[in-house]
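Could you put together the complete structure from these sequences and hints?
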Amino acid sequence: MTETITVTKITPAASLLTFNDRFDHFLARWGYRRAYHRVEPGLYSLGKPTPESPVFVTANYTLSFDALRSNLKGMDCYILVLDTNGINVWCAAGKGTFGTEELMNRIKVTGLENVVSHRKVILPQLGAAGVSAFSLKEWCGWNVEYGPVRAVDLPEYLKTHKATQDMRHVHFTLWDRIQLIPVELVSAFLIMAVAAVVLFFAMGLTASLAVIAAVLGGTVLFPMLLPYIPVRDFSAKGLILGLIVALPFAYFMFTKTGDLWPNTLAALGYLLAMPPVTAYLALNFTGCSTFTSRTGVRKEIYRYIPPMAAMFVLGIIIFAGLFIARLMKVI
Amino acid sequence: MKFIEEECTNCGMCSKVCPHGVFARGEKAAVLVNKDACMECGACLLNCPTVAIEVESGVGCAAAMIHAALRGGPESCDGGCGCGETEVPNAR
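Listed in order, the protein sequences are those of chains A and B. If you want the working numbering, it's the position in the first sequence, counting the first as 1, plus 278. If you want the working numbering, it's the position in the second sequence, counting the first as 1, plus 4.
No lab work stands behind these hints, which were simulated from the structure alone. Every residue gets a Cβ at the ideal spot worked out from N, C-alpha and C, and that includes glycine. There may be inaccurate statements among the hints.
Computed list of chain B residues with no C-beta within reach of chain A, every gap over 10 Å [claimed, not checked]:
#: 1; residue: 7
#: 2; residue: 10
#: 3; residue: 12
#: 4; residue: 23
#: 5; residue: 35
#: 6; residue: 50
Listed next, the stretches of chain B that the computed footprint assigns to chain A, with coverage defined by at least 3 CB atoms under 8 Å from CB atoms of chain A [claimed, not checked]:
#: 7; stretch: 38-45
#: 8; stretch: 58-65
#: 9; stretch: 68-77
Written as C-alpha cells, this is what we have:
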C-alpha cells in the first residue's frame, strides 16, 4: 500500500450559476428527489489557480457547492468537495460525514498535495461540528482554517483572513425561514389532505378548513413568525399561534344559528383540537432551526406532548360526541 | 455543557468555531460568556486540543427524537423527514 497518488482529476467549475442550477435549487427546496442534488466529490478549479492558490472545502450538495462557487467570483482557487451523501455542510458535520476522516481521505485521493505547494484548507465554520482541526494536523500535517459561517461573507473575509463577530454567528433570517416552508408543506401535505377530505364528508366544510388552517399555521405561519411569537419554547409558540388560528372557527361556530349548547361545544372543540396540531408541527420545526439544543428539545417533548395530546383527544371526543348525537337525531 | 478553565490553553479555537458566541477570548483562558445560547453542536469540543470542554453533542430535532421513541433505534436525521439520506441515486 505504498503507491503514491498523483493528481487524479481536476474538474473546472464556474462561479456563475446557470438557470439549470437555480432550477435544481428550487426543486431541492421543495424536497423533490431529495437524494439527487449531488455534486461528484473531488477536486475542482475556479479560474486559473496556481500552486499557491487557496483551497476551499465544501459538501457534495448542490446548494452548498453552488453557494461557495457563486461567492468566489473572479477568484483563482481550488474547491475540494467531500462526499457527504448529498447533505449540506452543517447537517453532514453533525452526522460526521463532513468529518476529519473524510477530509483526510479526500485530500489523499485527489492528490491535493501534488496540486498545491501549501498545506492549508479553508473550511466553512459550520464544518467544525464534524472536523477536528488539530486531529487533521496530527494525522496528515494539513492545516484547517475556519472561514465565515456564510459563503457570502468570503470575499470580505479573504481580504484579512479574519472573521468579524457577525461572520462567526449563524443567523435565521426571515428569508432563511421562508425557504424552509416548501419542504414543511410537502411533508405535511398528504396527511392534511386525507384528514381534510375525511372531515369534509363526516362533519362538513368548516371542520375540513380547520384542519387545513391548523396545518398551514404550523408549516407556513410558524416559520415566518417564529421570532415574533413571545415565549421561548417552540411548542408554546405553536399553541399560541394555533389558538389564534382557531379563534375564527370558534367564533363562527358560536355565532352560528342553531342550538346554543351544541354550537358552544363545537366552538370549544376547535379551541381544543386545533392548537395542538399547530404546536406539534412547530415542535417538529426545532430540527430546522439553527439554535435548538438536544437537551432543550428533549425537555420540551416531555413537558408539552402530554398536555397537547390531552387537548387534542378532548377536542376529538367533543366532535365525536356531536357527530353521534347528530346521527341519533338528538340534536 | 461544562468548561474546565484550568485545562484551557487559550488557543482561541472555541470562540472561533462556536456559531452562537458561547465562548469569547479572554486574557489567560477562554471565557464562557453565553452558556444559555449553546445548542450542543460539539464544534468547540471537537476543536479543543486539551479537552477543556465537556458537551454531550447531538441534534436538537424533535422529529428525530419522536421518530426514535416511536420506532426504536437511535436518534437520526434519516427518519423519513427532509434531512434523510433516503435513496441513493444510480450512477448518472
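Structure-based check of each hint:
| no. | hint | result |
| --- | --- | --- |
| 1 | 7 | holds (16 Å) |
| 2 | 10 | holds (19 Å) |
| 3 | 12 | holds (14 Å) |
| 4 | 23 | violated (4 Å) |
| 5 | 35 | holds (14 Å) |
| 6 | 50 | violated (5 Å) |
| 7 | 38-45 | holds (count 5) |
| 8 | 58-65 | holds (count 6) |
| 9 | 68-77 | holds (count 3) |
Violated hints, in rising order: 4 and 6; the structure is consistent with all others.
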